[in-house]
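A.B. asks: With these hints in hand, go ahead and build the complete structure from the sequences.
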Amino acid sequence: MTELTKLNLAEARDKLVAKEITAQELTQAYVSAIEAARPLNAYVLETADKAIEMAKASDARLQKGEGGALEGVPLGIKDLFCTKDVRTTACSHILDGYVPAYESTVTANLWADGAVLLGKLNNDEFAMGSSNETSYEGAVVNPWRREGDDTQLVPGGSSGGSSAAVAAEIALATTATDTGGSIRQPAAFTGTVGLKPTYGRCSRWGVVAFASSLDQPGPITRTVRDAAVMLKSMAGFDPKDTTSVDAPVPDYETALTGDIRGLKVGIPKEYRVDGMAAEIDSLWQQGIDWLKQAGAEIVDVSLPHTKYALPAYYIVAPAEASSNLARYDGVRYGLRVDGENISDMYEQTRAAGFGDEVKRRVMVGTYVLSAGYYDAYYIKAQKVRTLIAQDFAQAYEKCDVLLTPTTPTPAFGIGEKLDDPLSMYLNDVFTVPANLAGLPGISVPAGLSANGLPLGLQLIGKTFDEETLLRAAGVLEEAAAFTAAPEAWWRA
Amino acid sequence: MSVDQNTVRKVAHLARIAVQEDELDHFAKEMSTILDWVEQLSEVNTDQVEPMTSAVAQNMRVRADEVTSPPLRDEVTRNASGAEDGFFAVPKVVE
Chain A
1 MTELTKLNLA
11 EARDKLVAKE
21 ITAQELTQAY
31 VSAIEAARPL
41 NAYVLETADK
51 AIEMAKASDA
61 RLQKGEGGAL
71 EGVPLGIKDL
81 FCTKDVRTTA
91 CSHILDGYVP
101 AYESTVTANL
111 WADGAVLLGK
121 LNNDEFAMGS
131 SNETSYEGAV
141 VNPWRREGDD
151 TQLVPGGSSG
161 GSSAAVAAEI
171 ALATTATDTG
181 GSIRQPAAFT
191 GTVGLKPTYG
201 RCSRWGVVAF
211 ASSLDQPGPI
221 TRTVRDAAVM
231 LKSMAGFDPK
241 DTTSVDAPVP
251 DYETALTGDI
261 RGLKVGIPKE
271 YRVDGMAAEI
281 DSLWQQGIDW
291 LKQAGAEIVD
301 VSLPHTKYAL
311 PAYYIVAPAE
321 ASSNLARYDG
331 VRYGLRVDGE
341 NISDMYEQTR
351 AAGFGDEVKR
361 RVMVGTYVLS
371 AGYYDAYYIK
381 AQKVRTLIAQ
391 DFAQAYEKCD
401 VLLTPTTPTP
411 AFGIGEKLDD
421 PLSMYLNDVF
431 TVPANLAGLP
441 GISVPAGLSA
451 NGLPLGLQLI
461 GKTFDEETLL
471 RAAGVLEEAA
481 AFTAAPEAWW
491 RA
Chain B
1 MSVDQNTVRK
11 VAHLARIAVQ
21 EDELDHFAKE
31 MSTILDWVEQ
41 LSEVNTDQVE
51 PMTSAVAQNM
61 RVRADEVTSP
71 PLRDEVTRNA
81 SGAEDGFFAV
91 PKVVE
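Just so you know, the sequences run in chain order A and B.
Residues 1 to 492 in our numbering are what the first sequence spells out, letter by letter.
Residues 1 to 95 in our numbering are what the second sequence spells out, letter by letter.
Hints may contain errors.
Within a straight-line C-alpha distance of at most 20 Å, the following computed SDA-like cross-link-like pairs (lysine to any residue) qualify [as the list claims (entries may be wrong)]:
| hint | chain 1 | residue 1 | chain 2 | residue 2 |
| --- | --- | --- | --- | --- |
| 1 | A | K240 | B | R61 |
| 2 | A | K240 | B | N59 |
| 3 | A | K84 | B | S54 |
| 4 | B | K29 | A | E357 |
| 5 | B | K29 | A | A29 |
| 6 | A | K307 | B | H26 |
| 7 | A | K417 | B | K29 |
| 8 | A | K240 | B | V56 |
| 9 | B | K10 | A | Y378 |
| 10 | A | K307 | B | Q40 |
| 11 | B | K10 | A | Y373 |
| 12 | B | K92 | A | D329 |
| 13 | B | K92 | A | Q348 |
| 14 | A | K19 | A | A29 |
| 15 | A | K307 | B | E39 |
| 16 | A | K307 | B | R61 |
| 17 | A | K240 | A | R327 |
| 18 | A | K240 | B | S54 |
| 19 | A | K84 | A | E53 |
| 20 | A | K417 | B | F87 |
| 21 | A | K240 | B | K92 |
| 22 | A | K417 | B | E30 |
No lab work stands behind these hints: they were computed from the structure.
Remember, predicted model here, so these are calculated numbers, not experimental data.
C.D. replies: Printed below as a string of structure tokens:
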């Protein structure tokens, strides 16, 4: 059975179509692996019965040769995606027991293509965090450990359940969301591939909102090819999301030609920041050399406003969050704490229902949007955002993709940064700019740190040019030949 | 420190989050740390710059204002902590 979970998505898909394996035996292998991996706390809800039932239906379709693009492929879904009749809480106490009456567009697309739901995955509360430690359901443990050291490490965040599940081989692939790096940073911390598509590529409808101008769903997978397959199914025009792009979805898998001769790869000098680990710097240089050897042309570019991306983000994201989270008032869903009057009920419900990080961001957001501060903070940040987008536009006059590290450090210990919000925020220094500019980005596992932890390299592409991005990522993946895997210490 | 305890009290009320007196100092310190740090944006000259309104250039779509789904009252109210006769129930607002 273990053998089956070793297959990646593309391999499993091909074997399912060839009838070498069945969806039911594949799904059963994952159900068993999930049970054995509970110490990781990656799943907040296991849906084994539903999974087996869906797999049975997939087998029937596969038998008739009527399978969809993901027929019989077992997936884990981040708890931010609404799943019809399956509990969805965004890992917040305030959504206790919430059971959506509808399905998010992205997950509906996946089920329409034949995928199987294994369960809901842990994440930072409302996706606010970079370590998965703010979840009301508790922290997720990274399957990876430092060499000769059993300190428990974070899997990154906010999609920490999604990254840990792929790394521990307890899902064939997972869905995730990225507002400031929440797909790419956890992928880098777990030796997996994380793809944040262009803003508008995947529908946000039915995804619990954090910061609407930045949120974008995408996959976390074992390989670049798997990411291409997942994106093809997740993406598509959705009239229910006003920012969804009405454009055809390319066949991303065919973009993986392995040929990047003549591709211009930009290296932004501003990403060489203070405090970046030396091994990250040398991995970056290694990545440059790999792409050069594959025939790419390396171009030095400048993104002068890079250092202002994080502070701009920490105005825009909390401002939008404070507005989006106004809906949690104890009336329509989730938790209600009674008060002396209706206003007191709102205040008591939100005090009990939100965790510290969410309160912090909602209050900062409320402050920067309040009378007298709106122009100084929010409008100022949106102007800086324009400058950051212009930086990218100018760089893309000289190159096709950008290569950078994904994170300034490898995974850190659980609890290490929890009392220092600012140092936690700095995790996202390389990922936030792409969100502010709406650009697609991908993290590819590229090497190990001196103490044996995975490190990622990030490629950032042009708007709606995921094909070039994936093509370059495929070449990077092949050159890096990353085959390391964590030891399965979590199995009893 | 840019945020004092009174400001926290005011902002918490605007955000409809009950904050205890003994939490005020903690929130004031944390909010100040964040707001002092974002202050570095004032170094950037944005005189001739338009604020971004959309991450990806696109025109806002419009649609006809019409009902497109079947009646969903039961589905919509089934998650409410208080629902009666297909309505959301809240504490008495008007005497």
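A.B. asks: Hints first: check each against the structure and report whether it holds.
C.D. replies: Do the hints match the structure? See the list:
{"no.": "1", "hint": "K240/A with R61/B", "verdict": "holds, 11 Å"}
{"no.": "2", "hint": "K240/A with N59/B", "verdict": "holds, 15 Å"}
{"no.": "3", "hint": "K84/A with S54/B", "verdict": "violated, 30 Å"}
{"no.": "4", "hint": "K29/B with E357/A", "verdict": "holds, 14 Å"}
{"no.": "5", "hint": "K29/B with A29/A", "verdict": "violated, 50 Å"}
{"no.": "6", "hint": "K307/A with H26/B", "verdict": "violated, 28 Å"}
{"no.": "7", "hint": "K417/A with K29/B", "verdict": "holds, 17 Å"}
{"no.": "8", "hint": "K240/A with V56/B", "verdict": "holds, 17 Å"}
{"no.": "9", "hint": "K10/B with Y378/A", "verdict": "holds, 19 Å"}
{"no.": "10", "hint": "K307/A with Q40/B", "verdict": "holds, 10 Å"}
{"no.": "11", "hint": "K10/B with Y373/A", "verdict": "holds, 14 Å"}
{"no.": "12", "hint": "K92/B with D329/A", "verdict": "holds, 15 Å"}
{"no.": "13", "hint": "K92/B with Q348/A", "verdict": "holds, 16 Å"}
{"no.": "14", "hint": "K19/A with A29/A", "verdict": "holds, 17 Å"}
{"no.": "15", "hint": "K307/A with E39/B", "verdict": "holds, 13 Å"}
{"no.": "16", "hint": "K307/A with R61/B", "verdict": "violated, 34 Å"}
{"no.": "17", "hint": "K240/A with R327/A", "verdict": "holds, 19 Å"}
{"no.": "18", "hint": "K240/A with S54/B", "verdict": "holds, 17 Å"}
{"no.": "19", "hint": "K84/A with E53/A", "verdict": "holds, 16 Å"}
{"no.": "20", "hint": "K417/A with F87/B", "verdict": "violated, 45 Å"}
{"no.": "21", "hint": "K240/A with K92/B", "verdict": "violated, 35 Å"}
{"no.": "22", "hint": "K417/A with E30/B", "verdict": "holds, 14 Å"}
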